[in-house]
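Trainee: Since chain A is already given, all that's left is putting chain B on it; use the hints.
Sequence order for the protein chains is A and B.
Going by our numbering, the first residue of the first sequence is number 1, and it counts up by one from there.
Going by our numbering, the first residue of the second sequence is number 1, and it counts up by one from there.
One or more of the hints may lead you astray.
[To be verified] Which residues of chain B face chain A? A partial, calculated answer using Cβ under 7 angstroms:
1) Tyr164
2) Tyr167
3) Arg190
4) Val191
[Said to hold, decoys possible] Each pair of labels, with its calculated beta carbon distance range:
5) A/Cys208 / B/Thr143: 15 to 23 angstroms
6) A/Thr143 / B/Gln207: 18 to 26 angstroms
7) A/Ser192 / B/Asp175: 15 to 23 angstroms
8) B/Asp30 / A/Ala146: 41 to 49 angstroms
9) B/Leu29 / A/Lys53: 42 to 50 angstroms
10) B/Thr59 / A/Pro127: 50 to 58 angstroms
11) B/Leu29 / A/Ala146: 45 to 53 angstroms
12) B/Ser128 / A/Glu163: 33 to 41 angstroms
It is worth saying that the hints were derived from the structure and are not from the lab.
Only a predicted model underlies this, so the values are computations on that prediction, with no experimental measurement involved.
The beta-carbon is built from N, C-alpha and C at its ideal position, and this holds for glycine as well.
2 protein chains.
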Amino acid sequence: MNTASHKGKLFIISGPSGTGKGTICKGLLDNPNIRVSISMTTRSPRVGEVHGKHYYFVTRDEFEKTIAEGGLLEYAEVFGNYYGTPKAAVVEKLDQGKDVILEIDVQGALDAKRIYPDSVLIFILPPSLEELRARIEGRGTETEEAINLRLSKALKEMSYIDEYDYYVVNDIIDDAIARTEAIMMAEHARVSESINDLIDKFREEEQCYTHQ
Amino acid sequence: MNTASHKGKLFIISGPSGTGKGTICKGLLDNPNIRVSISMTTRSPRVGEVHGKHYYFVTRDEFEKTIAEGGLLEYAEVFGNYYGTPKAAVVEKLDQGKDVILEIDVQGALDAKRIYPDSVLIFILPPSLEELRARIEGRGTETEEAINLRLSKALKEMSYIDEYDYYVVNDIIDDAIARTEAIMMAEHARVSESINDLIDKFREEEQCYTHQ
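This is chain A alone, in the form it adopts within the complex:
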């Protein structure tokens, strides 16, 4: 155990569409001390979707009340439905000592970092733009024009990488997961204010010796 305190950390994993951030996040969840954040949405549940597991399903009024209260780390409206990350649920898991991963787009990541500055931003990059194109083409669902638009959007998102703490090139998925896990482990080894609690514990131990 390397933690001076047992608080979890919030890791925000984002990057352009097609870089495989979802697959990396799935790989991380094998670790029982890592939990994924659950989004709140105003869209209707699909068959099999469970409230509190896949999403928190709420009404538009409830969602807007949560926005007004500052209760969301980030949110966006997509095709008339709200999607967002409730802060309280994340903080609760962190207090339980779990790390929380939040997989969102670049805009959402930057919003969340502003609201929760202790979060750690990780940008997932493709090995090359050619490879990103190949992955999107491989899905076989998009026109050439749509693919070019996606690539332009990806480049625009990459221009925000300076605001991130870390980047991971997703060349081989297992390596990318290992690198992300290393980042999470290293972040718990950072010297921060809480280290003084640990050092104080050592000092108390010494006093016990000296006064024996």
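Mentor: The following block gives chain B in isolation, referenced to the frame of chain A:
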């Protein structure tokens, strides 16, 4: 490969005597991309010690000339002999893309960080002061008084931990090595100025597409 540039990094591993930093460093050297820095000394070579492998053996004049030229990351005089870390040899390995580990005491670590601010400081801690005492006692070579002096010195050194980047509690040696390796991997994933070279490469790729 996750590096925007192929330059190595200098990791300075230190902490009180008895915390096992030497064993951690030995464990790290299984990785061919990690090299240990070689010290310069004025003491005479012992049987089997090879110049340029175990130490750089130099005269007192040569050592003092290197000090005067600012050629050492840190140095100290112990029982009338100089010991120090030559900067040029470290920089050469970093330029070859190797990570370099430097195992030194707390004073030397802080000196080296001042001279080479890009270095990463890692503090090795024992799981408890009691365990540190047990490890020193286990060597069976020291009086009770000498052991108490060592523990006081250890506590004094720990008071500098705020100036370090990371700490690793050496409870189980393999875990401590794994945490140190994670720190080294994560440091290569930090977003720094060199990330812009990687993003520029993506931009150039896009221009190739657009002008096809």
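Trainee: Take the hints in turn and mark each one as holding or not.
Mentor: Now for the hints, and whether the structure bears them out:
1. Interface restraint check: B/Tyr164 against chain A, minimum CB-CB distance 5 angstroms, threshold 7 angstroms, status holds.
2. With 7 angstroms as the threshold, the beta carbon of B/Tyr167 comes within range of chain A, its nearest partner Cβ sitting at about 5 angstroms, so the hint holds.
3. Among the interface hints, the one on B/Arg190 holds; its C-beta lies about 6 angstroms from the nearest C-beta in chain A, closer than the 7 angstroms criterion.
4. Checking B/Val191 against chain A: minimum C-beta separation of about 5 angstroms stays under 7 angstroms; hint holds.
5. Distance hint check: the CB atoms of A/Cys208 and B/Thr143 are about 20 angstroms apart, consistent with the given range 15 to 23 angstroms.
6. The given range of 18 to 26 angstroms is respected by A/Thr143 and B/Gln207, whose C-beta atoms sit roughly 21 angstroms from each other.
7. Distance hint check for A/Ser192 and B/Asp175: the Cβ-Cβ separation is about 20 angstroms, which falls inside the suggested range of 15 to 23 angstroms.
8. A hinted range of 41 to 49 angstroms holds for the C-beta pair B/Asp30 and A/Ala146, which are about 48 angstroms apart.
9. Between B/Leu29 and A/Lys53 the Cβ separation comes to about 46 angstroms, which falls inside the hinted range of 42 to 50 angstroms.
10. At roughly 51 angstroms, the beta carbons of B/Thr59 and A/Pro127 sit within the given window of 50 to 58 angstroms.
11. The beta-carbon spacing between B/Leu29 and A/Ala146, approximately 50 angstroms, falls within the hinted interval of 45 to 53 angstroms.
12. Checking the proposed 33 to 41 angstroms range against B/Ser128 and A/Glu163 shows it holds: the Cβ atoms sit about 40 angstroms from each other.
Violated hints: none; the structure is consistent with every hint.
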